[in-house]
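Trainee: As numbered in the working numbering, residues 370 to 629 make up the sequence shown, in order.
Every clue listed holds true.
What follows is a list of derived Cβ distance ranges for each label pair:
(1) G475 x D433: 17 to 27 Å
(2) R525 x L393: 37 to 47 Å
(3) R385 x R484: 33 to 43 Å
(4) R479 x D601: 32 to 42 Å
(5) S612 x H442: 44 to 54 Å
(6) R582 x D433: 29 to 39 Å
(7) N440 x S612: 43 to 53 Å
(8) E608 x I514: 28 to 38 Å
(9) G554 x G574: 22 to 32 Å
(10) R589 x R449: 30 to 40 Å
Think of the hints as simulated: they come from the structure by calculation, not from any bench.
In this text, all values refer to a predicted model and were calculated from it rather than measured experimentally.
Using N, Cα and C, we set each Cβ at its ideal position, and we do this for glycine too.
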Amino acid sequence: MLESHIGCSTCCLMDRSLAEALELISTQTDFVEILADGPHSLFSAEETCYSFDLQYTVHAPTADINIASDNEHMRRAAIRVLADLSSVCDRIGATRLVIHPGHIWGEEMRYAAARALDRSLDDLAALQREVDVRLAIENMGAWDICFFRDPGLLSRLSALELGFVLDVGHAHVNGNLEAFLEEGGAIHVHLHDNCGSRDAHLGCGEGSIDFSRVMQALPRGATKVIEPTSFDQYTRSLEHLRSLPPEQSLHRRAERIELF
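Model the full assembly from the supplied sequences, consistent with the hints where possible.
Mentor: Structure follows, in structure tokens:
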């Protein structure tokens, strides 16, 4: 049976073409998150999406996009790329566009980069009014150079009516998963595991995260995607989530969720 409501990211299949990745993932689920980088760039592989009867979310490129760049030319270029990608998302019917909050290159640049991020959030809020796909900012892991490592940005996102992606593994390595769960508000969730010391992207149940607690606390309408390092980890993650107590298990939510 397809577990339609727990998707799989193509991040575990970046050594394959997008067509090959979607073909394999579609044997297990009809819900896919495309990491739109490298061979899975939607600027070159958009047509591939129309060959599959799948529901999509999209993860914006991570390698060259920095919405917190203090170089205004680079910051604006990043926003233009995200605007163009939003149009692709609307054409393929993607419901979420996941965006990283940016990073700094040195501690002395933190204030300037924070101001740049603030301008970018305003720009994304304006873009959100023009597109159907929900723009959502992801909390980051335990890297000092990254923004949005704790729930402090959530009120700003809410005020701008931008979405929030809860990356469970990132929150766990920062020691604030419970704080994020208590704040709530996530419209999209990245599921993977670790042992609390590094962002290992283990399969669910292979680290120290309490997924019974996580699944209980997540907003009912949040879309969910597993971000594994291998496709085998995706299937093992589903097995672990199925093994949770009945009130938290996937079987209680076996109905297909409505993606919005």
